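Colleague: Okay, here's what each chain looks like letter by letter:
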Amino acid sequence: MAKITLSHLKHSYYPNPTKSEDWALKELNLEWDDGGAYALLGPSGCGKTTLLNIISGLLIPSHGNVIFDEEDVTDLPPEERHIAQVFQFPVVYDTMTVYDNLAFPLRNRGIDEETVKSRVTEIAEMTDLTAMLDRRASGLTADGKQKISLGRGLVRNDVNAILFDEPLTVIDPHLKFQLRSKLKELHQRIQNTMIYVTHDQTEALTFADKVVVMNVGEVVQIGTPEELFETPQHTFVGHFIGSPGMNVLPCEIKNGAAFLNGSKITTTNKAPKDIKKAEIGVRPEYVTFSDKGIDADIVKVSDAGRFNIVDTMCAGQSVKLLVQEGASIPTGSAKLAFAPNSTRIYSDGWLVGEGGAK
Amino acid sequence: MNKTVNQKAWFFVLPVLLLVAFNAIVPLMTVVNYSVQETFGDNVFFWSGISWFEQVLKSSRFHEALGRQLFFTFTILAIEVPLGVIIALAMPRKGPWVSVCLVLMAMPLLIPWNVVGAMWNIFGLPEIGLLGKTLNTLGFDYNYTRQPGAAWFTLILMDVWHWTSLVVLLAYAGLVSIPDAYYQAAKIDGASSWSIFRYIQLPKMKRVLTIAILLRFMDSFNIYTEPSVLTGGGPGNSTTLLSIDLVKIALGQFDLGPAAAMSLIYFLVILLMSWIFYTVMTRNEDQ
Amino acid sequence: MKRASWLIPTIYIIFLMLPIYWLVSMSFKTTNEILGSFTLWPQNFTLDNYRVIFTDPSWYMGYVNSIIYVCINTVLSVSVALPAAYAFSRYRFLGDKHLFFWLLTNRMAPAAVFALPFFQLYSAIGIFDTHLAVALAHTLFNIPLAVWILEGFMSGVPKQLDETAYVDGYSFPAFFIKIFIPTIAAGIGVAAFFCFMFSWVELLLAKTLTAVAAKPIAATMTKTASSSGYELGLLAAAGTLTIIPGAIVIYFVRNYIAKGFALGRV
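Chains as they are written, first to last, in numbering that gives the first Met the number 0: chain W, 0 to 357; chain P, 0 to 286; chain U, 0 to 265.
Hints may be right or wrong, so weigh each one.
Stretch-level coverage of chain P by chain U, calculated; a stretch enters the list once three of its residues show a Cβ under 8 angstroms from a Cβ in chain U [what the hints assert, rightly or not]:
no., stretch
1, 24–33
2, 188–194
3, 210–221
Hints are computed from structural coordinates only; laboratory data are not their basis.
Note that this is a predicted model, so its numbers are computed, not measured.
Ideal Cβ positions, reconstructed from N, Cα and C, are used throughout, including at glycine.
If we strip away everything but chain W, and leave its shape as in the complex, we get:
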C-alpha cells in the first residue's frame, strides 16, 4: 500500500506536441492518500484512461513523475509497480479454472503452493467465488469474470493500489448495483488504495470518498461528492454532476456584481473589476418560485418521481428548477428566485473571485 503522487505530469500521444489539443493529458499535480477510494470521472476521451494507464505503468508519460510513497516509479514496468487493474472488458485466462486464474499472479512470482492455496481460498471467499473454484473461467458470466479479474488483484499481498477502468460497462444493470456494493465493502475490509475510472456519475459518487473530475485532458475539480455538488469549481462540474445539471446563464458584470436582464443577482462570490462578461451558475435545486424576482415563462413540466422538473425561459435563456412533488406550480409566467448562498459567478468556465480560487 502506498501514497501515490503525480508530479508535473503531462502526456501526449504525438512525438512533438505543439497545440494544446495535442495533449491527451495536460499538466497536473495530484496526491492520492494511502487507502483512499478515488474516482476519476469525466466524459469519453477526457484522458482518464490515459491517466490510469500512466499510474499502472502501461504508459510512460511524456513529462513528469509518478511517485509511490517516496519511490519514483515513472520508468518501472507494470509488474514492478505492484498494482492491480480491472479492465472494461473482463480479462480471464479462458483455459484455466477459476482457482488457477486467481493463483496465476502468485505462481508467476514463484510463491509456494501452500501460501497460494490459503490466499486463493481467502480471496475466493471475499469475492463470492468459492463455489466456482473448480469451474472453467470461460464458462462464467460477465460479472463472475470481473470478480475473477478483481480477485487476481486482491490475491497479492504487495499491491500498492487497485485500478478499475470502467469495470461495470458490460455488467447487466441489476448486477451493477450488487457489484458496486461489493467493491465498497471490499474497500472497507482491506483498506487498499482504489482508483475507479468511470463516466457514470452515480458510480463515481457512490464508490469514492474523493472524486477527480476531468475534462479534455485537464483536472477540473477534486473533491468529495458533496463538494462537487455544492460548490462546483467549474461550470463543467456543475453541468456534468447532478441531474439535471447546473443552470449556466450568461450575465453582465457591473462593479463585480452580476446582472441578469437588468436585475441584480445576489451571489456568494464577487467578480474582479476587469471582467465584463461572465456566467451565473445555480443548480435547479436552488431555484424557487417567488413573489419577487426575475420574470420567466414556464415552458414544460416533467414528472421525475419525487419531484417535478420545470423548464422555464428567462430572458431568452433556459432555466430549470426542481419543485417538490405536490408543491403548486404556476402556469404561464412566474417569478424566479436564486438562493444567494448557492449562486455563483463563473468566468471562462471557472469560478471567480473570493472563495473561487482556481
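Keeping the supplied structure of chain W fixed, place chains P and U upon it in accordance with the hints.
Modeller: Chains P and U alone, transformed into the frame defined by chain W:
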C-alpha cells in the same frame, strides 16, 4: 444468436444443394459403380462384389503409397504449423509493414499449382537452378531427379514454401483479434512471455489453428499437381503419393475397378481422419 | 528478442521470394544463357519469351480461357452460396446441421477421385471442353467454402438489421439486395477471393475436362514443355504471367486478408 425454425429456409439452400448434389453424387455413384464391377472392354460389366476392395487393401503398392502419403502429411504439418505460428507471433501488429508482409506472404497461395511445381523444378535443378547450384557449390551432392532423399527434401521444402503462409495468415488473424487488455492484464499479473503465449495467445488461436490444421491436412492428403510436376512421383516410385498413384492407375492404365475402389478407400480415409482431428481438437470446447 | 523479431518475417519473405525471383529472372534470359551458364540475373536481357506468348493464340488463349472459367465459377459459387449462407445463419430447419457438414465434406474430396467421373458425366451431357464444365466442376469445392465463409460473416450481422428492415416495409428480396448484401460486402469480397484463388490454381480437373477450346494456361504450359523440347525461358515467362492476376487480386483485398483468413468469425 437465436435462430428461428423455418422450414422454408430449404428454398434458400436448394440451388446449392442441387449444384453440389449433381457434382458430388452422380460422380460418386459412378465411382461406386465401377468399384464393384469387372470389365473386359466394350462396355460390358460384370458384378465383382468387393473383390477390388480386397485387392487394393491387400496390395503392397497401396500400402506404400499410403505410407508415403502419411509421412508427407505429418512431416509438413509438423513443420508448417509451428513455423507458421512463430512467424505470425513475430509479425508486426500495426503500421505500414503489416500490409506489405501480408501481401508478400499470400503470393505463393495464388500461384497455379503446376507453376509452383515447375518453379521448384527449375529452382532445384543442379546445374541451372539457384537452389540446386547453391547446394552443390556448398558441397552437398544434390540431385532430386536421381536421389530419393533429395526428391523428398525438395518436395517438403516446396510444400513449406507453398503453404506455410496459410498457417501464418490464419494464426495472425487469431492474434490480432486478442484485445490489448489481455496483454496488459498479463503484464500486471507478472506473466512471462511463455505464459502469455501458453495462456493467452495459444487459447485464442485455437479455433483458427484448428481450421489451419484441418485445411492443411485435407489439402496435403489430396495433393497431386505440384509433386506430379516436380518429380512425377520419382525417382522410381519414391515420391508417389496417393493421388499420383490413383491417377496413374485410372487415367494411365485405365484400370477402372481398382482405381474406383482405391478412390473410395482414399476418400473414406480422409473423411475419417478429418473427423478424428476435428473431434480431438474441439473436444474441450463445450465443457 | 523484441528487437530482433522483424528478422523472422524478413527471412521468411526472402525465402518466399527466391524461387519467384528465379522464375522471373529466367523468363528474361535466352535459352542459351539458361542452359549454357549459371547467372544470377539476365546477362542478355530479352523479351522474346513474352513476345512468343503474346503473339501465339495457342498461348494467350490459355489465359483468356482460365480467366473466363474462373470468373464464371466465382460468380456462380458466390451467388448460390449467398441465400444458402443466409439460411444457415438465420434459420433452423430440418437437417440443417447434417447438410452443412455434408457440404463441407465435399471440400475434402480429392480432385483425383473425381477427375474421371467428371469427365464421363460432362461428356455425357455434352459440355466437355467448355468453360462451363471447369467452372461447374470447381463449384464442388468452392460452394462449400463460400457458404462457410459467408455464414461466418452473416452471423456477425445482428438479426435486428433484418427485423428493422421488415418493420420499415422492405420486402425480403428488396431487403436482401439493397441492405443485406451491402452490409456484408467485405464477406462477399473474401468469399470471391477464395473462389478465385482455388479456381485459378487448380489444374487437374481443369486439364481433364478440356481439350482445345477451353484449355487453361496451366495445361498449355505442361504440354508445351513436353512437346516442343525443354523451352525453359518460355515456360518461365508463362509461369510469371500466371502470378500476375493473383498478385493484383491480393493487392485489392490486402486489408481484408487477415479477417478473411479467419473466415469472418474470430
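Colleague: All hints are to be evaluated individually against the structure, with a verdict given for each.
Modeller: Checked hints:
no. : hint    : result
1   : 24–33   : holds (count 5)
2   : 188–194 : violated (count 1)
3   : 210–221 : holds (count 4)
In this structure, the one hint that does not hold is number 2.
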